[in-house]
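Visitor: Listed below are the residues making up each chain.
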Amino acid sequence: MSLGVPVSPGVPVPPGLPVLPALRELLPRGGLARGSVLAVAEFGLLCLALLAGASADGAWCGIAGIPEAGVLAAAGLGLDTGRTLLVPEPGPAWPQVAASLLDGCELVLLRPPTRAPAQVRQRLEATLRRGRGVLLVAGDWPGAQVRLRVVTQRWTGLGDGHGRLRACCAEVAADGRREAAMTRTRWLWLPAEDGGVAVADPADIPFDLPAGSQPAPLRARAAVPALRAAGG
Amino acid sequence: MSARGFGADQPARIMVVSCPELRGAERGRETARRHERVIAVVTGFCPNVEVVEPGVCAFGARGPARYFGGEAALAARIVAAVAGLGEQARVGVADGLFAALLAAGSAPAAGSAPAVGSAPAVSGREPVRVIPPGGTAGFLAAQPVSALAGQDLAGPDLTVLLTRLGLGTLGDFAALPSTDVASRFGDAGERAHRLARGLDSRPLATRPTPADLSVVREFDPPEPRAEPVVFAAKALAGRLHAGLAARGLTCVRVQVLATWADGRESSRLWRHDGLLSAAAVADRVRWQLDGWRPGATNDADDDQHAEGGVAALRLAPDQVARATGEQLALWGETVVSDRVARAAMRVQAMLGHEAVLRPVPSGGRSVHDQMTPVPFGEKREPRLAADRPWPGRVMGAAPGVVYQAAREADVTDDAGQAVTVSGRCAVSAAPARLAVRGEPPRRVTGWAGPWPLSERWWDPAAARRRARFQLATDDGRAWLAVVQDGRWLVEAGYW
Chain A
1 MSLGVPVSPG
11 VPVPPGLPVL
21 PALRELLPRG
31 GLARGSVLAV
41 AEFGLLCLAL
51 LAGASADGAW
61 CGIAGIPEAG
71 VLAAAGLGLD
81 TGRTLLVPEP
91 GPAWPQVAAS
101 LLDGCELVLL
111 RPPTRAPAQV
121 RQRLEATLRR
131 GRGVLLVAGD
141 WPGAQVRLRV
151 VTQRWTGLGD
161 GHGRLRACCA
171 EVAADGRREA
181 AMTRTRWLWL
191 PAEDGGVAVA
201 DPADIPFDLP
211 AGSQPAPLRA
221 RAAVPALRAA
231 GG
Chain B
1 MSARGFGADQ
11 PARIMVVSCP
21 ELRGAERGRE
31 TARRHERVIA
41 VVTGFCPNVE
51 VVEPGVCAFG
61 ARGPARYFGG
71 EAALAARIVA
81 AVAGLGEQAR
91 VGVADGLFAA
101 LLAAGSAPAA
111 GSAPAVGSAP
121 AVSGREPVRV
131 IPPGGTAGFL
141 AAQPVSALAG
151 QDLAGPDLTV
161 LLTRLGLGTL
171 GDFAALPSTD
181 VASRFGDAGE
191 RAHRLARGLD
201 SRPLATRPTP
211 ADLSVVREFD
221 PPEPRAEPVV
231 FAAKALAGRL
241 HAGLAARGLT
251 CVRVQVLATW
261 ADGRESSRLW
271 RHDGLLSAAA
281 VADRVRWQLD
291 GWRPGATNDA
301 DDDQHAEGGV
311 AALRLAPDQV
321 ARATGEQLAL
331 WGETVVSDRV
341 ARAAMRVQAM
351 LGHEAVLRPV
361 PSGGRSVHDQ
371 MTPVPFGEKR
381 EPRLAADRPW
391 PGRVMGAAPG
401 VVYQAAREAD
411 VTDDAGQAVT
421 VSGRCAVSAA
431 PARLAVRGEP
441 PRRVTGWAGP
451 WPLSERWWDP
461 AAARRRARFQ
471 LATDDGRAWL
481 AVVQDGRWLV
491 EAGYW
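Residue numbers (this note's numbering), protein chains in the order written: chain A, 1 to 232; chain B, 1 to 495.
Hints were generated in silico from the structure; no laboratory data involved.
Misleading hints may appear alongside valid ones.
Said to hold, decoys possible - Chain A side only, calculated, beta carbon under 10 Å to chain B, not exhaustive:
| hint | residue |
| --- | --- |
| 1 | Leu46 |
| 2 | Gly91 |
| 3 | Val150 |
| 4 | Ala170 |
| 5 | Ala173 |
To be verified - Calculated Cβ distances over 10 Å to all of chain B for the following chain A residues:
| hint | residue |
| --- | --- |
| 6 | Ala33 |
| 7 | Glu89 |
| 8 | Thr114 |
| 9 | Gln119 |
| 10 | Leu128 |
| 11 | Glu179 |
Unchecked claim - Rough simulated footprint, nothing fancy, chain A against chain B, three-plus residues with beta-carbon under 8 Å:
| hint | stretch |
| --- | --- |
| 12 | 340 to 353 |
| 13 | 395 to 406 |
C-beta: ideal position from N, C-alpha, C; glycine also.
Please model the complete structure; the sequences and the hints are all you need to start from.
Guide: Dropping the structure here:
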């Protein structure tokens, strides 16, 4: 285990905003440190999963600059839509919008519509340190304490003309500065078949690396005849 | 309808004031404001005025006409007073609202707008048409049946039908026995028949004189600093809320009007919906004053502000409505904490009311429909109920990326031919490549479908026939694609 703090379900929730249990090992101290910036390379389910844990715990979440955010998927991961604010188009005033949202929400997921100049970033980080919020950036943010990215992923459940998407196995890597400096990678079901996020058992990982040519839709057989019939 | 007024057998005399320029369905805020001023002027002559439709108002003329020396004199005074606002009015007087509306419509247009402030005078050129008492039946009989259109009856169908039946005028129509009309044309026809005979279908719903619910605080000497004004705003908001609550009312918006010592005014409307606390109203006053304070703006006026200060602050409720249980429930359940509401409203103040949204789970078969964004501060039910089964929706994991507008794509098979889906939902070949418009093509590693979906076939405008696919590509992502009208569209992405 690359992280100093062993994580097991029994330990009390660490200070900072909680995350889903499967994501704890990726983050220093097993949570989102208040006042910090996390950067996720690209918007996707990983961003939404990072929101879900804190939201389920009662935090308000803001999503700014991501009109295509799949809130339904986020709700499936555990996001409470009743405590979510969306600002799909913050426009050129996005730093002020993000700062305002951080006044009200503990966790703000932001995709800056334009590249953020260093001065703007520093001002926003100062706002962040004064408050108790966490800024989650979808995209690049040079000052981020933690950086996360999906290295590789594969969906299971789809065959050649049959089945349906069931679960996605993803390798997530995290690195960052100071205590987060060491790179950690974990295999996760994102989402798992039950819709949540789970740590993947190495035996279940549906690809033999390097990515093989045959997908392994082991679970998809049952649905085939009915779908074929519907397709005529 | 029974007669109104003193004599039981005397029909009601109705005066209609119509401003042709202010009529029409699409009325902006400016038009509404101009009409509001016209109504205020008319209310000066008779307090009980009904707004019939945008640009048209009506009132019972008997009493005011006696006071002002006759119907023609009253009409001339109103025309002159409305002309003083720069508006042109036409006035019609008759027994009953319908005849009065037609009379106003047929009043001669003013040759030229009377000079502002000119003394009221009755002349032949006034845009006034007075149908004398008892003459209404004759006046109506000569009108074409098309006059019934726009009377909120069965629509234009009835008038077209009457014309085809050879009933050219209201007089022809009125001559039919009412029982025959009722049995042939039903309820709408019977109401039209009553109108044609000069019997109004309903009494006037006059508009009560609105009580002034606004609250004012004057500062003497004018207050140059913002803090005392904001502090006073809090107390003012408390008084405003108490005044509204005592009448069982709430307001959709609140207008904050600050008057500066030099006479200039800063006015702004803020969304209220009965949800703002006194402190929240005070916050808005602060934001509004900040925009006018030195430092916030850059022109030379700032010095004058600093010298002059705020002389008066007025809070006026806008769009007052009866407070309903729903609003009270919102007051009671503090779902949104003050901190969050303040943050959201600040962003709304920056970007507009519709810019801050709350997602509400909703129904529907496409992933785009299953979350309805509702502007923050509003309570709106989604159009498609979430608690219905919605057969045909995509089951299983939800996509993390849902495009606002579906993206065009090309899907080809191994031979490079476009993959097509027949009307019987047969796929021409297995998809091998997916090229989302604007992105490099990807190899398809797994696919499922087509899942046919035929929605709203009963409504030609909204009907959609689609075949849906899930595609997995070699970069590990998966896509929700549809074929509609022979084109491939990507609706959502799974990553």
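Visitor: Could you run down the list of hints and mark each one as holding or not?
Guide: Here's how the hints hold up against the structure:
At a threshold of 10 Å, the smallest CB-CB gap from Leu46(A) to chain B is about 9 Å, leaving the interface hint in force. Given the 10 Å rule on beta carbons, the hint for Gly91(A) holds: about 7 Å separates it from the nearest Cβ of chain B. The interface hint given for Val150(A) holds, since its Cβ lies 7 Å from the closest Cβ of chain B, which is under the 10 Å cut-off. Below 10 Å, beta-carbon pairs count as interface contacts, and Ala170(A) has one with chain B at about 8 Å; its hint therefore holds.
Among the interface hints, the one on Ala173(A) is violated; its C-beta lies about 14 Å from the nearest C-beta in chain B, farther than the 10 Å criterion. With a closest Cβ-Cβ approach of about 21 Å to chain B, Ala33(A) is found to remain outside the 10 Å limit, as its non-interface label requires. Not every beta carbon of chain B lies more than 10 Å from that of Glu89(A), the smallest distance being close to 7 Å; the non-interface claim is violated. Distance check on Thr114(A): its Cβ is at least 16 Å (rounded) from any Cβ of chain B, clearing the 10 Å threshold; non-interface status holds.
At roughly 20 Å, the least C-beta separation between Gln119(A) and chain B is larger than 10 Å, which holds for a residue marked as non-interface. Annotated as non-interface, Leu128(A) keeps its C-beta farther than 10 Å from every C-beta of chain B; the closest such distance is 14 Å. Listed as a non-interface residue, Glu179(A) keeps its Cβ farther than 10 Å from every Cβ of chain B; the least gap is roughly 29 Å. As drawn, the stretch 340 to 353 of chain B meets chain A at 9 residues by the rule of a beta-carbon pair under 8 Å; at three or more, the given contact holds.
Coverage of the stretch 395 to 406 of chain B by chain A holds. Counting CB-CB distances below 8 Å, 10 residues qualify, and the rule asks for three or more.
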